[in-house]
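Novice: We have chain A already, so just place chain B on it with the hints.
There are 2 protein chains.
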Amino acid sequence: MLNEALGYAHNNHQRFLDELFELLRIPSISAFSDHEPEMERAAGWLADELKRIGFDNVQVFPSEGPSFVYGEWLKAGDGVPTVLVYGHYDVQPVDPIEEWDSDPFKPEIRDGKIFARGVSDDKGQSYTHLKAAESFLSTSGQLPVNVKILFEGEEEIGSLNLDKFVEENTELLAADSAVISDSRILAPDQPSIVYRLRGLTYMEINLKGPRRDLHSGSYGGSVYNPAQAIADIVAALHDDNGTVTIPGFYDKVRPLTDRERSVLAKVPYTLDDWRKETGLDKPWGEKEYTFLERVTIRPTCEVNGIWGGFSDEGAKTVLPAEAGAKVSMRLVPDQDPEEIADLFADYVKKLAGGDVKIDVFTHSTGWWSISPLESPEIAAASRAYEAVFDNEPVFTAEGGSIPVVATFQKELGIPTVLMGFGLEDNIHSPNENFRVDHFYKGIDTVIHYLCFLAENEA
Amino acid sequence: MLNEALGYAHNNHQRFLDELFELLRIPSISAFSDHEPEMERAAGWLADELKRIGFDNVQVFPSEGPSFVYGEWLKAGDGVPTVLVYGHYDVQPVDPIEEWDSDPFKPEIRDGKIFARGVSDDKGQSYTHLKAAESFLSTSGQLPVNVKILFEGEEEIGSLNLDKFVEENTELLAADSAVISDSRILAPDQPSIVYRLRGLTYMEINLKGPRRDLHSGSYGGSVYNPAQAIADIVAALHDDNGTVTIPGFYDKVRPLTDRERSVLAKVPYTLDDWRKETGLDKPWGEKEYTFLERVTIRPTCEVNGIWGGFSDEGAKTVLPAEAGAKVSMRLVPDQDPEEIADLFADYVKKLAGGDVKIDVFTHSTGWWSISPLESPEIAAASRAYEAVFDNEPVFTAEGGSIPVVATFQKELGIPTVLMGFGLEDNIHSPNENFRVDHFYKGIDTVIHYLCFLAENEA
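Residue numbers (numbering that gives the first Met the number 0), protein chains in the order written: chain A, 0 to 457; chain B, 0 to 457.
Incorrect hints may have been included.
What the hints assert, rightly or not - Chain A regions said to be covered by chain B (calculated; three or more residues, Cβ under 8 angstroms): (1) 194-205; (2) 224-237; (3) 303-315; (4) 422-430.
Think of the hints as simulated: they come from the structure by calculation, not from any bench.
Ideal Cβ positions, reconstructed from N, Cα and C, are used throughout, including at glycine.
Next up, chain A with everything else stripped away, as it sits in the complex (with noise of 0.2 angstroms):
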């Protein structure tokens, strides 16, 4: 089963190409709303182009937004695992325009890769589920395990509708686990699986003061100045090692395993990549662990705004009526978002010594997810990249968040494999391009990681 959907993906690499420049061709940029009717097209184009590979129950949802495109095929048994696929069919926008050196929804291949704004983010890296697919439906006549693919069209400003429609539809996502390609690998010849992802709790901070601006050569001295009290406040959240203080932070982050810090060991990410990255000489913050650990697998808690008085050019002799701050912290298993919210606010409140009024609000909340390095999903995903890649998979575990994998941790309760084959590849960015070569690898793996899911589960 296994060689005969290899051969017949290899086979028809030219084809594969050719629908994928298809889909590249349709302008499905989300942020515009006058592009309704390519975003439509490009749900169309999918759900016309799943039935023909041979998914069963293939609907295009309506939403709010862009629609949803779900397609199924189930006739693997109950004996094996049920995987739901995510991809999104949007794209960014494309300015600045001139920076482009070939037309972005013309795609064209120039040294082994292809140009076309969403070729990476994500049309081609998801593209390769289908073909996948494909060659198994076509060769044996059906899938090793079975397989649920959900597209949506609005993931690049923010999936306004995902929740709601996972929530409302867990019945027919139902799975043991789920798969993304949405993501880049280390280098060419370095696959590597990202297996956690912080969550995020954002909170602003706002204070007031006397009931207007007040002359601070006037009142100086007798007022505790709100953009003081904010300045007191944000000073007052980590100590001088760069430990957060607020009170219960750190009581329910999970111990790093023995065999989690030695995995991340080997990613080759040095403190030279960080100070090209960054600019900076010297890393900052908790001593007691690497740096690559403290933008991995340490919550934190970074400002990300403070503001207060005037800030033009020029002086101004105010004391200002109003400061604030945004400050948001990187969560981990098993912090709960809400209750570090609730230990946030009332620190802060607590900070705010002198006669100022505080307002701390919830932006956002959001939780970290992890794939457990022991899970056959993951076992069944290294044994894949390295059989295409010639090279063992390093695991990674990622600073940010990726919401659709919180909310599928959330709501329906499984963990996702993030089988990302991009490279840096100018996502967002003019001349956003792909492998070609990594699009076959990407659908060899995906055919691979079928059938190790298959073998691992029974």
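Specialist: For chain B alone, kept in the frame of chain A given last:
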């Protein structure tokens, strides 16, 4: 001599008012460059008036901005002091014009008050000195002391050319003391004399961290966030008592004498007044000083602005590349504003512990000023107020700065008596006004002052 002058002034009340109205009709708004002809018209009007009254050596000095007007009467002899009178003939803009109940440049009297732009600030107040001089010269043919008088035309836009003019004309302007009527007294029945003003050192701190804004998920926890760094720095400028922590900041502060402390205690400004003005309940700051001392005779350090990262609506997970703050310090005798700038910069640079580039620069410095309570000028002014207002003046210390006072102190080596006759008067606002009886009492007070000055000296 005194009684003749007073009699003359009283007999000419209506004419004095009519003349003031002429000056008020000239829209000498220094902020508008197209008002240059009006500025020169006002300057010429004052020069003509000085000549008419009997001043000698009357000159209109051109400058980069509006002209300076000068006149002198130096025939009182060597045995009596020379007084330098300063006033300004420029006025604030009038917007929002629709909030005026009468044309700002067509003065009219309602409820015992003259309504017109500039009537209190400073045409009406400074004109009292001309009318006092006229009252002497038209009766006794002489003044009790030597008088020099200087008007500038750009006080409302920062006296951009005053320092240079004074510096270049120290001989012309040489005097034993200065007097300025451009301030308010505490109440109609409570005259007051501002005997000291604070100086100023205004600094700006700019921090640079990573070479560009970073994603707080990918780099948070490993970078000394400039927005946190500025909070750390600002928070470290005071201790919990509100005492400034800059090493050496208080070293040169002249201890408050018992006389000053008891004199200041008589100022009828209560905590309830402060509460009404600020909208706050609890004052903040150095517990060993009264709230009034904190805003008047104690040096302070206030954040005028703080910034860094994202401050618009919503949430952005940015780790900002830059942050900064504007901080100004109010200074008291005998602090040196330049030295304080250096102490501040040294301290702040040491506070920036992590990997951030720090730039600290001085926006401006200005000297404090003080008229010793025991000086003959303060004694004469005190007697003059008491004679006219039937109440002893209280002595107040201003938290803010009046640059011209510091300029006279520095360039001419003389103290200034701030002999105000205004009340709140809506200066800088619609419906600026000045009480008619304060215009007349002002003239009487100046007449007394010049006589008492001559006596004190003798």
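Novice: Now tell me, hint by hint, if it's right for this structure.
Specialist: We went through each hint and held it up to the structure:
no.	hint	result
1	194-205	holds (count 4)
2	224-237	holds (count 12)
3	303-315	holds (count 11)
4	422-430	violated (count 0)
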